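Based on these hints, arrange chain B on the given structure of chain A.
If you read the protein sequences in the order shown, they are chains A and B. First residue of the first sequence: 5, per our numbering; consecutive thereafter. First residue of the second sequence: 5, per our numbering; consecutive thereafter.
Identical chains blur together in the list; that is why a pair holds if it fits in one copy or across any two.
Mimicking DSSO-like on lysine-lysine, the simulated pairs with C-alpha atoms at most 30 Å apart in a straight line are: (1) Lys34 to Lys23; (2) Lys71 to Lys29; (3) Lys23 to Lys81; (4) Lys81 to Lys29; (5) Lys71 to Lys34.
No wet-lab data here; the hints were simulated from the structure. All of these numbers come straight from a predicted model, not from anything done at the bench.
Number of protein chains: 2
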Amino acid sequence: MYTLSENCPRREICAFNGKGTVQIKDLTDKEGLYNHGRMFAHVTIQPGCSIGYHDHNHETEFYYILKGEAVFNDNGKEVIFRAGDIGATGYGQGHGIENRSDEPVEMIALIVSEA
Amino acid sequence: MYTLSENCPRREICAFNGKGTVQIKDLTDKEGLYNHGRMFAHVTIQPGCSIGYHDHNHETEFYYILKGEAVFNDNGKEVIFRAGDIGATGYGQGHGIENRSDEPVEMIALIVSEA
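One chain only, chain A, in its complex shape (with noise of 0.2 Å):
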């Protein structure tokens, strides 16, 4: 089974209190993953947007680069992620990322479940 791009759903939402807003193109659903997660998505941030800092427990989020250069919050220390870094956040820690940049940051972000 196959989705072409323009045919994917779409939202945007201001996430975990973040500044600005981030665009979620949805790659499945809960039932894609047969439950055993909640998101695989596209995400892309614009300048001066982010994703507001927040833990994970009992699940992994990861957040997967593909353009663009964005401040990642590794459980309160602050890095620097560019295309290709990866970063997974699980087993009670937290995560926020923020785009400080001129350019749009693009990411894969895949939540699986511990249950």
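For chain B alone, kept in the frame of chain A given last:
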């Protein structure tokens, strides 16, 4: 926890009797997916190379195209895939993907298990 791109493990394989080889950059391992999956990777298919046709039972594999143009075999039907298109193959169905273009194809491959 984060991993910079240059530190991600890389491997190169001939996949399911495909043409040539494909380059795989693993973004996590089975444990990172709580054993609910067995692959989350950035895959590069060079011109003239392919991943041969194969089935997925009790698991689903997603191919999400990041760059280039590929011929996706969706359970026997060929479809042109470009950046942003996604294929989901599970429930006993099969897939393969071939790069018949002059530029590399890059994609995210994710395998999630039913159990």
